[in-house]
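Trainee: Both chains are sitting in their own frames, so use the hints and assemble them into the complex.
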Amino acid sequence: DVKVTQSSRYLVKRTGEKVFLECVQDMDHENMFWYRQDPGLGLRLIYFSYDVKMKEKGDIPEGYSVSREKKERFSLILESASTNQTSMYLCASSFRDLVLNTEAFFGQGTRLTVV
Amino acid sequence: DAKTTQPTSMDCAEGRAANLPCNHSTISGNEYVYWYRQIHSQGPQYIIHGLKNNETNEMASLIITEDRKSSTLILPHATLRDTAVYYCIAGGYQKVTFGIGTKLQVIP
Chain A
1 DVKVTQSSRY
11 LVKRTGEKVF
21 LECVQDMDHE
31 NMFWYRQDPG
41 LGLRLIYFSY
51 DVKMKEKGDI
61 PEGYSVSREK
71 KERFSLILES
81 ASTNQTSMYL
91 CASSFRDLVL
101 NTEAFFGQGT
111 RLTVV
Chain B
1001 DAKTTQPTSM
1011 DCAEGRAANL
1021 PCNHSTISGN
1031 EYVYWYRQIH
1041 SQGPQYIIHG
1051 LKNNETNEMA
1061 SLIITEDRKS
1071 STLILPHATL
1081 RDTAVYYCIA
1091 GGYQKVTFGI
1101 GTKLQVIP
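Protein chains in written order, with the numbering used here: chain A, 1 to 115; chain B, 1001 to 1108.
These aren't lab readings, by the way, just hints derived from the structure by calculation. All C-beta atoms in this analysis are idealised placements derived from N, C-alpha and C, irrespective of residue type, glycine included. Don't take each hint at face value.
Stated by the list, open to error - To give a feel for the contact side, a few chain B residues facing chain A, derived at Cβ under 8 Å:
(1) Q1042
(2) P1044
(3) Y1046
(4) T1097
(5) G1099
(6) I1100
(7) G1101
What the hints assert, rightly or not - Chain B is faced by these chain A residues, among others (derived, beta-carbon under 7 Å):
(8) G42
(9) L43
(10) L45
(11) L90
(12) E103
(13) F106
(14) G107
(15) Q108
(16) G109
Stated by the list, open to error - Below 30 Å or equal to it, Euclidean Cα-Cα: the simulated DSSO-like pairs (lysine-lysine) are:
(17) B/K1003 <-> A/K55
(18) B/K1069 <-> B/K1103
(19) B/K1003 <-> A/K57
(20) A/K71 <-> A/K18
(21) A/K57 <-> B/K1103
(22) A/K3 <-> B/K1103
(23) A/K53 <-> A/K18
(24) A/K57 <-> B/K1069
(25) A/K71 <-> A/K53
Just chain B, same shape as in the assembly (with noise of 0.2 Å):
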């Protein structure tokens, strides 16, 4: 699997977007783009996937840059229930490896 980098942490107004960024730069041309996110106490949730296509679901937006080494994760409206931790993982056939992550705050 590829290596991810994300930031540490954000925060986000609530009712605003939020834009989490995610580097993947030793992704390999077969490998998928999932974002899961952890809401504290509950087991890891996902949310989007994509190839090197934007996707778009009831969740979020999924925005890859076209030469896929970057990609960006969407949530339109967030609230404060989008409080989470939100992982970015770069990976392919059966093992899902996931990294530390980004803390998104939202704020009222």
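Bound-form chain A, shown alone (with noise of 0.2 Å):
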């Protein structure tokens, strides 16, 4: 069964730590994603990484970097944590195709409360 796991399901952290979010998936995709969702906003793309040690800028990336230093691994990371950071985070993966998007695999969230 194909698999993208998130680190930790519910996470609270204080203004200003550093957070970090952990997504590993086991189907040797090229392409990894992370999300935020937030109600009445839907998901937005926060950066996305097509291959190991590459990254691009998703929609929203301010206030947020990434790491991709394994092909499995893909790391969102909080710099200094603000409360408008609060938000379900979701991590994805798929199979790079040079035609189209490939089916893109769900982890089932990281709730992150700020406070």
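Mentor: Encoded structure:
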């Protein structure tokens, strides 16, 4: 069974803390994505990566950075957490195809609360 | 990626076909139409995708108009487990951008 695993289901952090959200996939996918989901705003793309050590900004990258040192792992970093980063964070992965986006598989999400 | 427009919410009677529309009038020639759904408290799940021809799989059918400016996702016999938010995405290579989606409520 294909799997995208996010390290935590729920997380509470203090304002100003450095926060790491980890995502691991076991499908040998090239592409990996980080989204945040907020009520009324749907899923918004933060960053994505199409290869090891490669990253591209999504629609809302401000306040975030990412790391992709190994193919199976994609980390989202909040350098200095703020209350407006309280959200559900979703990781996804997919095969890279030169013509179209292939099916993306999602993790269960991490609900982050910044207090 | 092309912008998509979907109704905010829809109801469907259990056992009936659910027809979910999506407008993507700015879609370009090499952009595909994808549908995902998200059941409460879970990550989104892929349903189907297409370019210009109609597509069918075990979950749903996708009807794309000839001018490709709109499409309809059809769940042929909706069940209570199909209650979810459905996302229509028009995009191309690599980047997958979601909108707000349509909240489908299947009613007993």
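Trainee: Evaluate each hint against the coordinates.
Mentor: Outcome of the hint check:
1. The criterion of a C-beta within 8 Å of any C-beta in chain A is met by B/Q1042, whose closest approach is roughly 7 Å, and the hint holds.
2. Using the Cβ-Cβ criterion of 8 Å, the hint placing B/P1044 at the interface with chain A is satisfied: the shortest such distance is roughly 5 Å.
3. Interface hint status for B/Y1046: upheld, as the beta-carbon distance to the closest one in chain A is roughly 4 Å, under 8 Å.
4. Given the 8 Å rule on beta carbons, the hint for B/T1097 holds: about 6 Å separates it from the nearest Cβ of chain A.
5. Taken as an interface hint, B/G1099 checks out: its beta carbon lies about 5 Å from the nearest beta carbon of chain A, inside 8 Å.
6. For B/I1100, the suggested interface contact is upheld, since its CB lies about 4 Å from the closest CB of chain A, less than 8 Å.
7. Contact between B/G1101 and chain A, as hinted, is supported at the beta carbon level, the nearest pair being about 6 Å apart and thus within 8 Å.
8. Given the 7 Å rule on beta carbons, the hint for A/G42 holds: about 4 Å separates it from the nearest Cβ of chain B.
9. For A/L43, the interface hint holds, the least distance from its beta-carbon to any beta-carbon of chain B being 4 Å, beneath 7 Å.
10. With 7 Å as the threshold, the beta carbon of A/L45 comes within range of chain B, its nearest partner Cβ sitting at about 6 Å, so the hint holds.
11. The interface hint given for A/L90 is met, as the beta carbon of that residue sits about 6 Å from the closest beta carbon of chain B, less than 7 Å.
12. For A/E103, the interface hint holds, the least distance from its beta-carbon to any beta-carbon of chain B being 4 Å, beneath 7 Å.
13. With its C-beta approaching chain B no nearer than about 3 Å, A/F106 sits inside the 7 Å limit, and its interface hint holds.
14. At about 6 Å, the closest approach between the beta carbon of A/G107 and any beta carbon in chain B falls short of 7 Å, and the interface hint on this residue holds.
15. Satisfaction of the interface hint for A/Q108 is found here, the shortest Cβ-Cβ separation to chain B being roughly 6 Å, below the 7 Å cut-off.
16. This hint holds: A/G109 has a C-beta 6 Å from the nearest C-beta of chain B, less than the 7 Å allowed.
17. Pair hint B/K1003 plus A/K55 holds up; C-alpha atoms about 23 Å apart against a cutoff of 30 Å.
18. Proposed proximity of B/K1069 and B/K1103 is supported: the alpha carbons are some 22 Å apart, at most 30 Å.
19. The hinted pair formed by B/K1003 and A/K57 meets the criterion: a straight-line CA distance of about 18 Å does not exceed 30 Å.
20. The suggested pairing of A/K71 with A/K18 holds, with an alpha-carbon distance near 23 Å, which does not exceed 30 Å.
21. Under the criterion of a C-alpha separation no larger than 30 Å, the hint pairing A/K57 with B/K1103 is consistent with the structure, at around 28 Å.
22. For the hint linking A/K3 to B/K1103, the alpha-carbon distance of about 26 Å falls within 30 Å, and the restraint holds.
23. Using a Cα cut-off of 30 Å, the hinted pair A/K53 and A/K18 holds, with the two alpha carbons roughly 21 Å apart.
24. Straight-line distance between C-alpha atoms of A/K57 and B/K1069 comes to about 28 Å, which keeps the hinted pair within the 30 Å bound.
25. For the given pair, A/K71 sits about 9 Å from A/K53 by alpha-carbon distance, which is consistent with the 30 Å threshold.
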